[in-house]
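Visitor: The primary structure of each chain is shown beneath.
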Amino acid sequence: MKKMARTFRKNGFAFFVFSIALLFLSWPILSVLDGMSCAEAYMYIYVVWGTAVIFALFIGLSVSPVFSADKNKKEYGDGDV
Amino acid sequence: MFDLLTVILFFCAYFLVLFTVGFFIEKKSDKEGKLISSPLIYALSIAIYSSAWTFYGDAAKMAKDGIIYISIYLGPCLGVFFWWIILRKMVRIKNSHHITNVADFISARYNKSQLLAGIVAVFCLLGALPYIALQMKAIISTIAIVTTSSVSQTEWLDKIGILVILLMILFTLVFGVRRIDPTERHPGMAVSMGIASVFTLLMMFVCGVFAVYFLNDGFRDLFSASSSSQYAGLMKIGVTGNSSFITWFSFLAVSMFMVILMPHQFHMSVVENSDENNIKTAMWLVPAYLLLINIFIIPIAFTSLIRGLPLNEADGFALQLPYKFGNRYITMMVLMGGFSAATSVVMVCAMAVSTMVSNHVILPLLGLIKRVNLSAYILQWRWLAVGMFILLGYLFGWFVGENYSLFDMGMISFAAVLQFVPLIIGGIFWVKGNKAGAIMGLTAGFAVWFYTLFIPCFASSGWISTMFISEGIFGLKALMPGELFGIKFPDAISHSVFWSMFFNIGFYAAGSLFFGVNREERRNAGGFVGALPDEDIFIRSTVREAHIVLEDKLEIIKRVLSRYLPQDKIQLILKKGVCLTGVGKEIHISILELARLQSEIEKLLAGSIGTATAHKAMMEGGVFTPEESKELSEAYAEILADLKLTPQELKKKIDYHQEREDLLSIHAMELEEKIKELESLIGQRKRVENALRENEEKYRALFESSRDAIFITGEDGKFMDVNESALVLFGFSRDDMVKMEYKDIFVNALDGREFERDIAKSGSVRNYEVILRNKTGREMKCLITAALRQNSKKEILGLQGVIRDITEQKKAEKALHDSYNKLQKNMESTILAMARIVETKDPYTAGHERRVAQLAVAIAQGMRLPEEQINGIYMAGIVHDIGKIYVPSEILTKPSKLTDIEFSIIKTHPQLGYDILKTIEFSWPVADIVLQHHERLDGSGYPFGIKGDEILLESKIVAVADVVEAMSSPRPYRPSIGFEGALQEIVENRGKLYDPVTVDLCLKLFMKENFKFISEQI
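Note that the protein sequences, when read in sequence, are chains H and L. Each residue of the first sequence is one higher than the one before, starting from 1189 at the first, in the numbering used here. Each residue of the second sequence is one higher than the one before, starting from 134 at the first, in the numbering used here.
Simulated from the structure, these hints should not be mistaken for laboratory data. Computed from a predicted model, the values in this text were never measured in an experiment. Any given hint could be a false lead.
Claimed, not checked - Covered stretches of chain H, as calculated for chain L (at least 3 residues, CB under 8 Å):
| hint | region |
| --- | --- |
| 1 | 1200 to 1214 |
| 2 | 1236 to 1250 |
Claimed, not checked - Simulated DEER-style distance windows between Cβ atoms:
| hint | chain 1 | residue 1 | chain 2 | residue 2 | range |
| --- | --- | --- | --- | --- | --- |
| 3 | L | I720 | H | M1231 | 36 to 44 Å |
| 4 | L | Q781 | H | Y1234 | 54 to 62 Å |
| 5 | H | Y1234 | L | D788 | 55 to 63 Å |
Claimed, not checked - Per the computed footprint, the stretches of chain L lying under chain H, defined by three or more beta-carbons under 8 Å from a beta-carbon of chain H, are:
| hint | region |
| --- | --- |
| 6 | 209 to 215 |
| 7 | 357 to 363 |
| 8 | 416 to 429 |
Backbone N, C-alpha and C fix where the C-beta goes; we use that ideal spot for every residue, glycine too.
Starting from the given sequences, assemble the full structure and let the hints guide the process.
Guide: Here it is as structure tokens:
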């Protein structure tokens, strides 16, 4: 999971997902709607949309807390051992 | 189906529920922050993006122009991938600059320009009007659908319109503009909006389920019917569809930003954000919500079309379906859903826009009116702005709503607010963006929007001539609002978006580069552009695979430590090291984490055995295997590569920073010393202050407890401070006295001026006797001891002094004086009585003593002796022969020459007189004068034969007077020899027997001043 999280956190991943989603929702791909039935076109739009939402979910979960109490929490006090 | 009252009651009930929830949340906001800061609530509050436009307008757009409508929901779903950078940056900037709206944000970035804030506020107002208009139109038209009336449609619409306006204004004021909040956050409202979003979604589902499963046999049936109908092309875009790709992309691009930049969206996503981490949830929840709320739009549109609902009533399709097909409950639920969607947006948008307008337009204008402080009525001005905004929105809808669908009106607003995008995005990513460029770009873009979209609305609705639409302004075809410069676009929105962005971005960039940024602007811009430090952005950084087993490494480290430390300490060090490195819960760690762990443990060990030994122990401990060492080197090399530094450069930087750290340490030590010095100074100062305070208290005690009146005056002569005794003495209150000048208490104004003159001349006076008066006018004799008050520059600050009332003292003195005088007179009378006793024995000497006393006094006056001495001489003269009282009368009155024995008896009279007089306490040496009045300068006198200066002066005077008087008076044994004979006697024996000065004065008295004895009865 951590490995996947690191992946989602990696440089450009969000931009990558954005680009793919844009591609699937733009002219080169959407022209396939021409040959689809209404139901198929409906399914296509919502599947792409849903997939983008899922990736957004993964990215949101993978980002480290900005101000995390755990990160700064000191289990043991300072001072000499 | 329903009467108006029922509908209004339902609306009010809905509003009451929302308001109650919001009210209680705000009341508990201090204690229970969990709900308010909940990411779920945050995301759902952003979802009010789905307004009446979604509820009613999308189905209409779908029915008319196909699937193009969905682009305004896909846009935000694509934009969320940048929210972690863009939205988070905006939230941070909001927190650091206390930003409460879009105008604040833009103004804060561009040199805190009030002009720019005002322009943004005005543009927001104009741009949001169509958006509000569509909400109002949706509410009014849906109310009109469900209510029946015999009144004509237009009148009914007007009546409903007024009612809706009033309700919207009331709801907005109660909900969001009840008070002025410096943060402009309304936690309760955010929760209410979240709940409203959920309610809207549920009602949309109700409508959708009804359409799909009640009016059709499910999705399959519906789509199958659609595909075989004339409406199949609605699912396509491009050539075979009803909309072009250009329109698709325009809508995608516009909506990507509108979800966070529309005034209400900005408020919810930026201003109401209480925790940046909530953005992570919103990033997926908002797209998920938009997906869900759109699921049934297409089925609703298709069902409506297939069922034959008229296209000109498409904006009401969602409501028409349950209404036309007879389901009251679903109709009411859908109506409430649409109402919920519309009111949420109207309230938040009106609140946000009214805040902008009141803060950046109204208040600055009021600031120009100096006389009246109208700025104090901020809340009232904001209420006015809310009312005007909603009214204007309604009027816009009234003017143009008939000719525009809900969707189209919404897109006009989107295109307006889009003009802020270059300023905001440029502002947070481009340091060179400046105020001049911002004003130019915004004005140009908005002017294009205004010309290409806003004005044509009124022309299309017939309010202004359509000539300029078809012919262009001034007849210039190149300036046709729908075809600028002759370039055709498939729709007006894309056309306006393209040209407005072209001019906006162009002028913004050109203006910024041309005018440049000064230092302050650059610093300000830096704060915005650098709001997110690099390491916070998740799109970066070297990460290494965690493949090293932590437990194994801890065992190795334990073995190293066991050479130096006992077991319990080892456990503690390990735990602490693991905690500091943050790998406590890991099973596997990366090479960098291992390096950090070793470093932390080495530092802890150094505390016990020294740095060098600890370092050597860890290096030789075998913590890193050769492969791991190699991996670590590679990792560092990667880091260096990332930093674009060679190891030497890195060392240089480290040395530089080390040196800086050393310098900082030295500075820190110096600062510490300085602080100690200052602390010591502060301590001294405190002691001095304490001493001063004690002195002040002592002074004050002395001041107040003194029995004398103490006063201090200022430069103007008015009393600054007086003590209690002064108040008692003069009878005034303290408040009265501090208004008086000190000269006011002088009875005689002249005395006051004289006092002033005297004190000014000498700087001080002591026991200056004056007559003062008190409040009742009673005059008092007083002594003033006073001095001028001066500062270090010798400037006179006033007077300070003491006044003592000596009226009683004077009275006592006078009484004493009178008593003394009386006593003196008594004594004199007694003495004279004593002298008469002698005279009764010797009639020849009657009056002799008195005359001797007269002459002696005259001589003494001629000598200018003090009055007291003269009195003594007088007294002595009166009784100088009192000793003769013991001499037998026969001797005193013997007519012949006295025998030696008789003369010797006579010669005892001075001693006898002394013996009598010495018992009386005269103020003068009367007894001694009497004793010596027969002594002579050459020692031939009696009784002691003293001579020269041994004889009292007074005795010398009495002696001369006695001789002159005796010789000039008859005696039993001789006649008077007259004054000439007597004077001859003293002249002949001048300096021998008699004091020369006395003799000369006596001669002068008789010869020049014609001295005569005064005959008096004793």
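Visitor: Just tell me: holds or violated, for the beta carbon distance of Q781/L and Y1234/H against 54 to 62 Å?
Guide: holds (58 Å)
Visitor: With a cut-off of 8 Å between beta carbons, are at least three residues of the region 357 to 363 of chain L near chain H?
Guide: holds (count 3)
Visitor: For the region 1200 to 1214 of chain H, do at least 3 residues have a Cβ located nearer than 8 Å to some Cβ of chain L?
Guide: Since three or more residues must qualify, the claim that chain L covers the region 1200 to 1214 of chain H holds, with 10 doing so at under 8 Å.
Visitor: Please verify the coverage claim for the region 416 to 429 of chain L: does it have three or more residues whose C-beta sits within 8 Å of some C-beta in chain H?
Guide: holds (count 6)
Visitor: Taking the Cβ atom of Y1234/H and the Cβ atom of D788/L, is their distance within the range 55 to 63 Å?
Guide: holds (60 Å)
Visitor: Within the region 1236 to 1250 of chain H, is the number of residues with a Cβ closer than 8 Å to a Cβ of chain L three or more?
Guide: holds (count 11)
Visitor: Does the Cβ distance between I720/L and M1231/H fall inside 36 to 44 Å?
Guide: holds (43 Å)
Visitor: Please count how many residues of the region 209 to 215 of chain L have a CB within 8 Å of a CB from chain H and say whether that reaches 3.
Guide: Holds, because 5 residues of the region 209 to 215 of chain L bring their Cβ atoms closer than 8 Å to Cβ atoms of chain H.
Against the hints set out earlier in the document, no violation occurs for any number.
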